[in-house]
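Peer 1: Sequence:
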Amino acid sequence: MAELFNESEGYTVTARKWRPKSFEDVSSQEIITKTLQNAIKTGKISHAYLFSGPRGVGKTTVARLLAKSLNCLKKKPGEEPCNDCDSCREINNDNRNHPDVFEIDGASNRNIEDVRELKEKVKYGPIRSKFKIFIIDEVHMLTGASFNALLKTLEEPPPYVVFIFATTSPEKVPLTILGRCQKFDFKRLTIDEIKSRLRHIAKEEKVKIDDDSLFFIAKKGDGSMRDSQGLFDMSASYCDGNITFEKLKSFFNLAESDVYFNITDFIRSKDGSGLLNYFDELMNKGYDMQTFLDGLTEHFRNLLVCGSTGSSELILESENVKHKYTEYISKFSQIEIINSLKLILQTEYTFKYSSNQRTLLEALLIELIKFTDTRDLSEIMEELKELKSGKGSHYTTKTGSENISASPSSHSSAAVNSGVKINYKSSVSTDSANDHAGNSAATAPKAMKDVPVVDLNSAGDLNGHWITIKDQIKTERKWVYSIIKDTTFEQDEKMNFLIRVDDSTYELIDGYRDYLSGKISKYFGQTLSVNLIKNSEFISSTTLKESASSDGKTLPKETDNFDKLRAILINDFNAKEVR
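Residues in the sequence shown are numbered from 1 upward in steps of one, following this note's numbering.
Hints in this document: simulated from the structure, not taken from any laboratory.
Among the hints, erroneous ones may be present.
[Unchecked claim] Using 25 Å as the maximum straight-line C-alpha spacing, the simulated SDA-like pairs for lysine to any residue come out as follows:
no.	residue 1	residue 2
1	478	489
2	208	192
3	285	312
4	17	47
5	219	348
6	247	318
7	130	86
8	519	504
9	34	10
10	285	212
Sequences are here, hints too, so could you generate the full structure?
Peer 2: Spelled out as structure tokens, the structure:
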């Protein structure tokens, strides 16, 4: 029966077979291994160590190396374990037979009874080694009572005892424990470090693998050597010892980088039908929706990084794909990429809670098409000037998903360097300025034709009417009255009617916008168009006049005052600030 379990004749997974057996073999943790080697050399051994870091980066491996070096009978230069003596061989065999090295799983030995048993072992000295060593993996899983029971032993242990704790969640370890340990933080491995190690393993195992496959496995390992080696084992089995990227794409059902470039081509060309049909083809091929969304997020992140830095060096892709991003970035503006990426990240947050994930992704793709209309204000300055002069006949602004049409304003030239971004479309006409002026009345919103002209100096009387209207609302809807009682009814410079509200109640009142507009129209006996405006965003014509008269100066027609420019953009163009 014993021969059936002879490990020398069985298969051992790569992560175990190629576990580093010396400090020199450990990847990416040179600072930690050098510190420990110097401590062993000088005899400055701490009674407790805490190794923290992501999974699969070498915490348990270094703990075993430290245990081997401390108890090795024939240490090599540099305090490396010999791996030949009985102590080293028993530790290499997963500590199955070593009488003085105990490796404990914190998750399954977390109760106070287990800690008490450990404390009993601490009382007795090592049987044949210099140190009695306790390696506790995932130590954060111990209960609070267990930590308290261990505290006194950890504070004043016998001179022959060394505790080595390993955890992926050091924040869950009590500060009383942390304060009694030397803490070492293990870092994630880079893609190049994982590739180098996998290339060496493939060469020794006689497995053929191309560079694209190495890059993919190292990237998918997400900084974990153990995870990457597990993927390597799976790939070698599927590809029968000859790993190629073409085979891996089929095995992992990968969406190639070309898929996301095709997606953004459809978005750029505003081809919603083609985009949905292409997405349907991907789903019919069996692509995982979560994987697709993750890839789309990374794709737009790569576009953002490449566009912001002018380089593809920060992109974690192969050289061929990096070159594609360098050529592709000119198709999108930075503001388009930022807004699209924000939308994708919002979708990621709701995706796992959605009962219809496919519909959510389809809606996302169509909405991304709309986001390509977003432009920086500085890019459309000349077009705004053309609109003012009458060369343009119409423009459309966007606020969220709502389109609002308006005629060109005399203030369009003031929209310079205001720090406000707007979504904008323009249609250029060959009509003359006179024709444009004649047509402007015909194209104005119908609701504004019957608006009575109210003198700006009578703003106080206008607000008096508003008080009467609010009293009527109070008898109908007390809740509405409670949130509008402190609002005022005013006009701006263009004689537009506005309800000025406090910033904190804007969202509440916005839900009753139509109701309020209807009450005001009924009061005056004609259809009025009424908008809401926040206090922080509104500068009325009355306010500007008062400001000018207070210092005895006449307000110039064109001013560089930032607040006025900002107010004009928001009020006249329905611009939306991007913070």
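Peer 1: Verify the proposed pairing of residue 478 with residue 489, using a straight-line Cα cut of 25 Å.
Peer 2: Within the cut-off at roughly 19 Å; holds.
Peer 1: Given the hint that residue 17 pairs with residue 47, test it: the Cα-Cα distance must not exceed 25 Å.
Peer 2: Roughly 30 Å between the alpha carbons, so the hint for residue 17 and residue 47 is violated.
Peer 1: With the threshold set at 25 Å, check whether the alpha-carbon distance from residue 285 to residue 212 stays at or below it.
Peer 2: Satisfied, since the Cα-Cα distance of roughly 22 Å is no more than 25 Å.
Peer 1: Does residue 192 lie within 25 Å of residue 208 when you go C-alpha to C-alpha?
Peer 2: Status holds; Cα separation ~18 Å.
Peer 1: Please verify whether residue 247 and residue 318 have alpha carbons no more than 25 Å apart.
Peer 2: The given pair, whose Cα atoms are some 17 Å apart, holds under the 25 Å limit.
Peer 1: Does residue 34 pair with residue 10 here, judged by a C-alpha cut-off of 25 Å?
Peer 2: violated, 35 Å
Peer 1: CA of residue 130 to CA of residue 86, is that 25 Å or under?
Peer 2: Distance of about 14 Å is within 25 Å: holds.
Peer 1: Does residue 312 sit within 25 Å of residue 285, going by the straight-line distance between their CA atoms?
Peer 2: violated, 30 Å
Peer 1: Given the proposed pairing of residue 519 with residue 504, does the C-alpha separation stay at or below 25 Å?
Peer 2: Measuring from Cα to Cα gives roughly 23 Å; hence the hint holds.
Peer 1: Between residue 219 and residue 348, does the CA-CA distance stay at or below 25 Å?
Peer 2: The given pair, whose Cα atoms are some 21 Å apart, holds under the 25 Å limit.
Hint check: violations occur at hints 3, 4, 9; the rest are consistent with the structure.
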